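Protein chains in written order, with the working numbering: chain H, 1 to 550; chain P, 1 to 287; chain D, 1 to 300.
Among the clues, some could well be false.
[To be verified] Below, a sample of chain H positions facing chain P; criterion: calculated Cβ distance under 7 Å: (1) T169; (2) G245; (3) D305; (4) I308; (5) T508; (6) S516; (7) L517; (8) D519; (9) Q522.
[To be verified] Result set (DSBU-like, lysine-lysine): computed pairs, CA atoms no more than 30 Å apart in a straight line: (10) K94(P) / K133(H); (11) K374(H) / K138(D); (12) K529(H) / K164(H); (13) K74(D) / K77(H); (14) K138(D) / K280(P).
Note that these hints are calculated values from the structure, not bench results. All values reported here derive from a predicted model rather than from experimental measurement. Note that beta-carbon positions come from the ideal geometry of N, C-alpha and C, so glycine has one too.
Residue strings, one per chain:
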Amino acid sequence: MGNWKKSTLLSVTTAVLLVGGTACSNNTNDAKPQQSASSGGSASSSSPQASKLKLLGPANGNKYIKFEERDKYPAWKEIDQLFTGEGLQLDYEFVPPEQYDTVIKTRMAAGSSLPDIVNISALDNTTVLNLAKQGVLLDLNPLIEKYSNGNIKEMYGNEFSFAKQATTTSDGKMYWFSNLHKKTYQEKDPAPVALTMMLRKDWLDKLSLPAPTTAEEYRQTLKAMRDSDANGNGQQDEVLVYNPGAFASPIAQWFGLGTDITAVDVETQKIVSPWYQDGIKDYFLYLQQLVKEGVLDTSLIAAKDEQIQQKMTENKVASVKSYNMEGWLEPTIQGGGEFQPLMPLKAVDGITPAAQLEPPFLVWAKYAITKDAKDVEAAIKFFDVVYSREYADLMTWGIEGQSYKKEANGVKVGINKGTDEELAKSGNVAAGRLIGDTVYPRVQFANLETELASAPQYKADHELNMLTYKPYFVNMNEIYLAIPDEDQLEAKTKILTNLNTYSAELATKLALGQKSLDDWDQYLEELKKLGLDQLIEIDQQLLDRYNSIK
Amino acid sequence: MLPVLLHIFIFCYIPLYGVVIAFQDYYPGKSFLAFDGSVHWVGFKHFIDFFNGPYFSRLMRNTFMLSFYFFAFGFWVPILFSLLVNELKSGVFKKYVQTASYLPHFISNVVVAGMILSFIGSDGIVNAIIKLFGGAPISLTTEPGYFPAIYTITSIWKSFGWSSILYLSAMSSIDPHLYEAAKMDGANRFKQMVHITLPSIRPTIFILLIFAIGNLLSANSEFILLIYNPALYETADVIGTYLYRDGLLGGNFSSGTAVGLLISAINFTLLYMANRLSRKYSDYALW
Amino acid sequence: MSAVVNNRIRQGSTAVDILLYAIALLVCILTLYPFYLVIIMSISSPMEVAAMNVFWFPKGFFLGSYELIVKDTKMWWAYSNTIIYVVSGMLLNCLMSILGAYPLTARNLKGRKWVIAFLLIPMYFGGGIIPSYLLVNKLGLYNTMFAVIIPGAVSIWNIILVRTYFATIPEAIKESASVDGASHWQLLFRIIVPVSKPILAVIAIYTVVGIWNSWFDALVYLPNERLHPLQMYLYRVVVQQTVDLKMLTMEDAARASFTMLSNIQLKYAIIVFTTLPVIFTYPFFQKYFIKGALLGSLKE
């Protein structure tokens, strides 16, 4: 008898929970319409003919600066008005960013009830091109011709002319809009930012050592720091943090090597591969030396950020790769410290050391209009607002007096650089921090002066020296390549996994001394077999096409 | 019976048609089974590509070896441990030991990976102990030879406590009278264990053994991803990690599914063989 | 006579006792210490944690992470969601496992082989994320709690475990019941289930912990944050650390760096917060591991 009672109790409990579960999900369903109602509420003052747009994108993942609290940010209010002023009523679906990858893939796979405008940055080129071919994503150029008020053309055509080159497919069409970024110095000169090896300035001073001017001196300096126990803890544990498996590390550029297995030499407009370049063997010999002397910490060669952070906080890092004007490494060192950026150091006679630069012109992310968009004109209007100077300024800079100020020469400089928590409280942020990379593209007219203003003199000087430094390689090679067509894409993806595996493994093992340079010919043969030459050829085709688009 | 079967049918079998993408060139947005030419059938291309890949044998070998080490060394640990716990007099200590043993199960892979990396680092505990005994520090993070050991030890540590729960529950249902009877016959503790406890958990052991064999080609790639680096590819790169890097390039749904299908098929075959052997030589089998 | 025998046995086993206890203690330390480490790191200052300076005692007492967690309403939603998922999932799973296992123990079940094959195949072969997603979508379950509860209600592994256990129940019990004229249902729920408490306890534990720790289903089917379980919440914090630094500008790198440092320590606090409750499930269910569950059910 008791057992029956138990099982009925069981089923009743389950039923109750299920009903409760339904109720809960109903509640959340109720919550959502409220959200869009409030976003639509601001449209009341604008034209009666409000056009609705459904947008899907990843949420802003910041813990403090939250989209739900957007009404307390003046910059947001201004931006909102830009859109409602055009009669646009926006209905958002924001998904937690860490989940967005999966969600966007499954949504596009379902292919039904798609939003009007969607952030598809998480999808790879192959998928996107296929979706375009199927018609799921709309071809934008004819739409721009028909509906745009000229803003988009202005931005894509004049201000950010490189944007078209990077986003036009092989059949001459454009299927997505992007984030656009331009960094200038004194309002006119392009301002690349350098990535270099940073060296502990305070340790140099402590040991009365001069800054190294050649690679050899660099090695000796690191050794000296280690031998003399620069951090004063009684152990010789001062190290260089460096990943030999990737060529995107500045020491490779000292030997004139490109930044990736295929890299763009922007000045000569040629694709090069470090494996074929002159300085490659000397590079590995050098690394082998560093490893033998214990200067290069082998347990950190492919470390995740957390491990590197640990070494940094423990005050054991003598040198590491970073942006030259960084200011975020020093505060994490226990006991404090100072990093100084190094110029590219001469390593081999006859090879001019190259710099690693971040291009001043950047294009990234993808925002598309889907086939389910009922009001395409409204969608284009959305992007017209986005690609306008007002929007750009509000996104990048915010409101004058609150998040930026104007210098005497009219240049904008950011202010209010507190922690996220403080900024959230004051509300003085540029709109980009609140909504950038969600469904709102980032359009950035950045300048160098802001960074120069907050960096110590020796870092600022370094940057000014690097503005016109040649030769150089860039840290984002894909920016200079056109979008591949289907065959090229297929060939590339087929080659790349195995080639990257081999290259990373070989480079690491050579640096560690586990493989010998004597077998060099064997390695080259293997690289060729895996398709290195083919890859170079394809990338060269892409580079040429990029240059041919106007 | 029916609701269960229905449920399984709906949620497991219906989506099963997805495996067809292993035989296609698939991208999200394409339909799976259409006859209008929008589906791009490529037959066994992906499987062949995988076989012919330069790393095929290494990936298979690593995946198999790592799983095998874990199986060979790790299968017995939960059993021994549960026997040990069973011998303890019940009380607070016994409870503590049991609870402590399965705590590692709850520490997520990310944290475990972080701890392991700092233990085996150049300044880590392991090297400190080695130095204490006068040895030269070993670079555990770059010598491929050590990786299997690191992986196996960590995996065993993480899972033995949790697995032992099953054995302990089986042991708890043994009739205490059997023990008393054995004691009166003069059996000491060890004999009791061998003749009463062990045989009672034989069904459980066999079932788990069969399943373990059926899992021989699945290594814990999530964990490996967190602690490996290119220098260790020789012993650490398994099918799962390779596919992960492949997937980063994007657009490789089909090849990933194909490889997954292949592994599942192999595992299932192993399972089937293990089951037949078990049925032949003992009473216990899955079917 | 028996007293002498008893004494001899007792003497012999003391040394063994000590050895056993020593081993048990060692195991305890090996498994307890890392968890202890997680706890003390969750209350130490981020800088100390980043430097991994914490070994025995917390350094730089810091409750900021816990503060952040407790103040975050999303976390409390996640907690209540998880409890709902866990309790409903556990009950459903136990029920389904019993229902599924019982018929398998009947010796004369027709097509037994096929049923078992039917059960085993999905354990190894799956269609992948996208077909499952399409199915869930078509059933209207997407973005509701049921998307997580219903597909998870049946676990084939559990069914097999229960069946194995059922098979060890002496036939005599079943026969005596049917002699008394009991139907299948009565046999199942009045006799077999009470006797199966140990295995049901195990399944309950496995299910509770499994659902508590799961985030993958939520990742795929629940874009609505309000429905996320706890582990999804943790996953998001942890994943936030692993930012792809390739496409970051200098400004982004700066910000990523700041978040990372605090996330390192926050992670530990969240782990403690989300794990502590479920660790206690085992002791809770342990009392069902009563010795001699079969005792007295057989009237010789």
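Starting from the hint list further up, note which numbers the structure goes against and sort them upward.
Hints 1, 3, 4, 6, 7, 8, 9, 10, 12, 14 are the ones this structure does not satisfy, whereas the remaining hints hold.
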